[in-house]
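2 protein chains.
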Amino acid sequence: MAKRTKYCGEISKEDLGQVVTLKGWVRKRRDHGGVIFIDLRDREGFAQVVFNPEKSRSAWEIADKCRTEYVIEITGEVINRDPEAINPKMKTGEFEIMATEINILNSSKTVPFGIEDGTPSNEELRLKYRYLDLRRPEMLANMRLRHDVTKTVRHFLDDHDFIDVETPYLNKSTPEGARDYLVPSRIQGGHFYALPQSPQITKQLLMAAGFDRYYQIVRCFRDEDLRGDRQPEFTQIDIETSFLSPAEIQAYTEKMLVKVMKEVKGIEIPTPFPQITYDESMARFGNDKPDTRFGMELIDLADVVKDVEFKVFQMALQAGGQVKAIVAKGAADKYSRKDMDNLGTFVGQYGAKGLAWLKVETDGLKGPIAKFLTEIEADLVAKVGAEVGDIIMFAADKAEVVAASLGALRNRLGKELQLIDESKYNFLWVVDWPLLEYDEEAKRYTSAHHPFTMPKESDLPLMDTAPEKVYAEAYDIVLNGYELGGGSTRIHKREIQEKMFEVLGFTKEAAVEQFGFLLDALEYGFPPHGGIALGLDRLAMLLAEEENIREVIAFPKNNRAIDPMNEAPGKVSPAQLFELSLNVTIED
Amino acid sequence: MAKRTKYCGEISKEDLGQVVTLKGWVRKRRDHGGVIFIDLRDREGFAQVVFNPEKSRSAWEIADKCRTEYVIEITGEVINRDPEAINPKMKTGEFEIMATEINILNSSKTVPFGIEDGTPSNEELRLKYRYLDLRRPEMLANMRLRHDVTKTVRHFLDDHDFIDVETPYLNKSTPEGARDYLVPSRIQGGHFYALPQSPQITKQLLMAAGFDRYYQIVRCFRDEDLRGDRQPEFTQIDIETSFLSPAEIQAYTEKMLVKVMKEVKGIEIPTPFPQITYDESMARFGNDKPDTRFGMELIDLADVVKDVEFKVFQMALQAGGQVKAIVAKGAADKYSRKDMDNLGTFVGQYGAKGLAWLKVETDGLKGPIAKFLTEIEADLVAKVGAEVGDIIMFAADKAEVVAASLGALRNRLGKELQLIDESKYNFLWVVDWPLLEYDEEAKRYTSAHHPFTMPKESDLPLMDTAPEKVYAEAYDIVLNGYELGGGSTRIHKREIQEKMFEVLGFTKEAAVEQFGFLLDALEYGFPPHGGIALGLDRLAMLLAEEENIREVIAFPKNNRAIDPMNEAPGKVSPAQLFELSLNVTIED
Chain S
10 MAKRTKYCGE ISKEDLGQVV TLKGWVRKRR DHGGVIFIDL RDREGFAQVV FNPEKSRSAW
70 EIADKCRTEY VIEITGEVIN RDPEAINPKM KTGEFEIMAT EINILNSSKT VPFGIEDGTP
130 SNEELRLKYR YLDLRRPEML ANMRLRHDVT KTVRHFLDDH DFIDVETPYL NKSTPEGARD
190 YLVPSRIQGG HFYALPQSPQ ITKQLLMAAG FDRYYQIVRC FRDEDLRGDR QPEFTQIDIE
250 TSFLSPAEIQ AYTEKMLVKV MKEVKGIEIP TPFPQITYDE SMARFGNDKP DTRFGMELID
310 LADVVKDVEF KVFQMALQAG GQVKAIVAKG AADKYSRKDM DNLGTFVGQY GAKGLAWLKV
370 ETDGLKGPIA KFLTEIEADL VAKVGAEVGD IIMFAADKAE VVAASLGALR NRLGKELQLI
430 DESKYNFLWV VDWPLLEYDE EAKRYTSAHH PFTMPKESDL PLMDTAPEKV YAEAYDIVLN
490 GYELGGGSTR IHKREIQEKM FEVLGFTKEA AVEQFGFLLD ALEYGFPPHG GIALGLDRLA
550 MLLAEEENIR EVIAFPKNNR AIDPMNEAPG KVSPAQLFEL SLNVTIED
Chain A
10 MAKRTKYCGE ISKEDLGQVV TLKGWVRKRR DHGGVIFIDL RDREGFAQVV FNPEKSRSAW
70 EIADKCRTEY VIEITGEVIN RDPEAINPKM KTGEFEIMAT EINILNSSKT VPFGIEDGTP
130 SNEELRLKYR YLDLRRPEML ANMRLRHDVT KTVRHFLDDH DFIDVETPYL NKSTPEGARD
190 YLVPSRIQGG HFYALPQSPQ ITKQLLMAAG FDRYYQIVRC FRDEDLRGDR QPEFTQIDIE
250 TSFLSPAEIQ AYTEKMLVKV MKEVKGIEIP TPFPQITYDE SMARFGNDKP DTRFGMELID
310 LADVVKDVEF KVFQMALQAG GQVKAIVAKG AADKYSRKDM DNLGTFVGQY GAKGLAWLKV
370 ETDGLKGPIA KFLTEIEADL VAKVGAEVGD IIMFAADKAE VVAASLGALR NRLGKELQLI
430 DESKYNFLWV VDWPLLEYDE EAKRYTSAHH PFTMPKESDL PLMDTAPEKV YAEAYDIVLN
490 GYELGGGSTR IHKREIQEKM FEVLGFTKEA AVEQFGFLLD ALEYGFPPHG GIALGLDRLA
550 MLLAEEENIR EVIAFPKNNR AIDPMNEAPG KVSPAQLFEL SLNVTIED
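One line per chain: the protein sequences are S and A, in this order.
Counted from 1, the first sequence has number 127 at position 118 by my numbering; the numbering is strictly sequential.
Counted from 1, the second sequence has number 96 at position 87 by my numbering; the numbering is strictly sequential.
No lab work stands behind these hints: they were computed from the structure.
Note that this is a predicted model, so its numbers are computed, not measured.
Please note that the accuracy of each hint is not assured.
No copy is singled out in the list; a pair is fine if it fits within one copy or between any two copies.
With a straight-line cut-off of 27 Å between C-alpha atoms, the simulated DSS-like cross-links for lysine-lysine are [unchecked claim]:
#, residue 1, residue 2
1, LYS274, LYS160
2, LYS375, LYS517
3, LYS100, LYS580
4, LYS37, LYS508
5, LYS15, LYS268
6, LYS271, LYS160
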């Protein structure tokens, strides 16, 4: 048979009277008065193909054998449909192809789920038959959207003189950060490569090499327990530059994202993106990645409640903590007492001991704690800006617990009360991060971002005296409540990098053992440099309006890090293990 | 200091009289009559910066402290050099910058090798200080060339409706092909992922999903012993299509490569690329990846020598083997008897028992075997087209040995006799490959390409009776004697794939255990499909006119698969092994 002349979805007026050859999948076949109609599907859409035994008996006979998802090729003339057969919902709905030839290229068993019946509810089945799941037009659209994102990013960076450099996947294991995936070496028995959690050090070394502007769309690996939006491997838009300020790097990032939003979604995003500091973000949203598509900000009530005789509030304040509230607008008649109990359980997950709340009614504040607050009722209502029909919800605890619980509650209520304009894409920079976090369990400091982040110059003296007070030249970019990426200025002087390792609890020897090559490199003309990494999966997910990154990954793992299709990871032969000088210590 | 206004290498006439800010590395510093001259280098080139103490004493003082490879930023006015100071070899050689400001951004110890003194001879040192090696302008140029190649490839494929899809790196280990790199699973103790040797099955499944045209520039992994042009990880331009014929796929590949050659090298390559069959290539060049930039083809002498009483020839012919020769034009006075002995040792590596040869002199053929061939001298000279001053070299053995030894000899002599026009880029398709090879050691058939390659339709009946005679719908693309890539039509029917596994020695159970998901997929409307994979490292190497792929890889491994910079692979902690349910079985 001839070459394909068109995609099914591209049949248009111009083809009328033309003979076309199409190749694709049988979407539907129906027999109507002895004439067979096949809806044929390919990547670009559908077309209706007609087999009239009076036109071609042989073609009709083959068409009669076709079943759903058979792969066929057909040749025929494009004609207008009868007026009453026009399907205005279908792009090619005015036309049909009067087939004179057909070949069956492959058959199909009955598929385990309909290709066009919406998303199957059993995700494990979707992953097992991923090639069929990806055949669904929604999934194909998601994968094409993802490609449009990477294409736009690449073209932008190519046009701005960034050099795409491939960095190694077989790397060195480092004890910082998340758990590494290891790759045993055969030639060096007992030694292991590690798959990169990010090419952080490598891209810094490219700056030492004078590459000036680097990018890579690169796979990264973390062997962590999986949550809804995590995968063992994920993709990063990785950028590093020399001699640029954070503001300049941010400006490039904004231009790039503006272009992505324009090309992929047709949406104009104004620049510069708003910025707030980490501290302000925690104070106002209880969160370092605030969803700014709705209000319901946290309001500090220390002043208002400082004299009331409500023990919960007083204890929190006296212990150096906070009392804060959010106002759920118009929620009073939507949340029963039982609903409020559920919200109390919910904030319990974030460390809160309970959820105090008040409904604003025409005759005043009502609720379990109303009796304690009668004196300040007017002040309180004024302070939080509440109106009749609202619910005021309180947290009184350590600052971290107040932020975590009210921040989570705010996000939940934002969704439940449908306060979020889903058409909005709110980009936001969260700047001035703390350099370190204190790990209560390990009793040591860990990096808030990574150990190569530059402390604010003015805070350098605090590295010795009060590391927890040191801020970093670090900034995150947030989109609609998701952390999209993180950037920073990196350390480019050996003495600062050594100090950083010291604060993180490395001995001098351990620092040299693990990072000696970087420390050495810092002594050979390492330029000031900084960069950013953006999560491609998450960006694609948000633009595809999906809620799980698995929807924008062709072959994801399930939440036990298994690929249900090929059943990876699998057993390997004793010979393979022997060559790698390894024994498995468990049976199964 | 202000933002950089220009790259050093971009200073031009237009900047005269302008104040510029440059940032870069001190290439050279010299003091000339109390004035300091610094050659400043960045990614784009060099500029001369002048520090005159009469212009700015403070700048001069700082410049005086600068040493080679210090990182500095300077500001000053662009002026014309004195006529006698103009350097016509330097792009910016007519200009200099009269500096009024300078900051030292970082210092540098004395570098272990000069950044501009040519390629250091100690490659291990280059790899240990790769960030300095990459600072050398030649290496930066190689990495940029590589990026230009990928950029051109991507833009071409983007423009031709190929969808870039990322496939998993954490995959399933399969027993076919080369040795896998394994990745132990923590969650499924005792189970392993494998890093992909190529995303072969995955991209085929994307065809099952109806993606129609896929591409990816993707890392692949093979745990093999390393040769000069191998690395544990390498990069593939990976392409798969549905419904296209080999000729159509080849035409796309040609258009893509023509564009690469045009954009990257400014060279026009005519299309279509020449094609020869595998059998013809072996017969004429002794090689399945012939370098066609020079002649010296193998000439079959069976007819000419069939009656001579030279035992070596007779035995070879009687055993069903061959007698062939190549003619080294004008080599007679270049190769001594001792040189010929060395060539004899050389062909010994390819299984030849020795090298028979004759020099063509004015008074006839001379050499150790001349006396056996006196009768046929005229016929022989005519057949091989030899002239006075040439050497005729013979091989008489099994066809494989004749091909291997004369093929290797031809390549060696082509280089030694400088027969190769290095400015040429000879692309060539080698088509009609055998489907299988017979592995003498394992006593079984193995795939010549991979087990998913479609046999020629007409040869299908031979799969049961004479598998070694089956040809495949497979084609390699060759450039200047290097295999650049391989393509094929893939099997899209379950019964053929099952037959293929059977021929390869799989039991039914083993085939299902390893490849059941593919076999299943073949029953759900799998379209006819095929594709190609091209080695990016090799392509970039050839275009960069390098002889080793390490020269076009930013951070390669050495030939023991070690990265001398960070010393990967390394030891890991007992805790890491415990979590992975592994023991190391050797000490070190």
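Okay, the hints, checked on the actual structure:
1. Taking identical chains as interchangeable, the C-alpha atoms of LYS274 and LYS160 lie at most 27 Å apart whether they share a chain (14 Å) or sit on different chains (24 Å).
2. For the identical chains of this complex, LYS375 and LYS517 are neighbours neither inside a copy (61 Å) nor across copies (73 Å), given an alpha-carbon limit of 27 Å.
3. Taking the shortest alpha-carbon separations for LYS100 and LYS580, neither the intra-copy value of 48 Å nor the inter-copy value of 60 Å comes in at or below 27 Å.
4. Taking the closest pair of Cα atoms, LYS37 and LYS508 never come within 27 Å of each other, the shortest separation being 68 Å inside a single copy and 32 Å across copies.
5. Within a single copy, LYS15 and LYS268 get their C-alpha atoms only as close as 31 Å, which misses the 27 Å cut-off; across copies the closest is 25 Å, which meets it.
6. Within a single copy, LYS271 and LYS160 get their C-alpha atoms as close as 13 Å, and across copies as close as 22 Å, so both meet the 27 Å cut-off.
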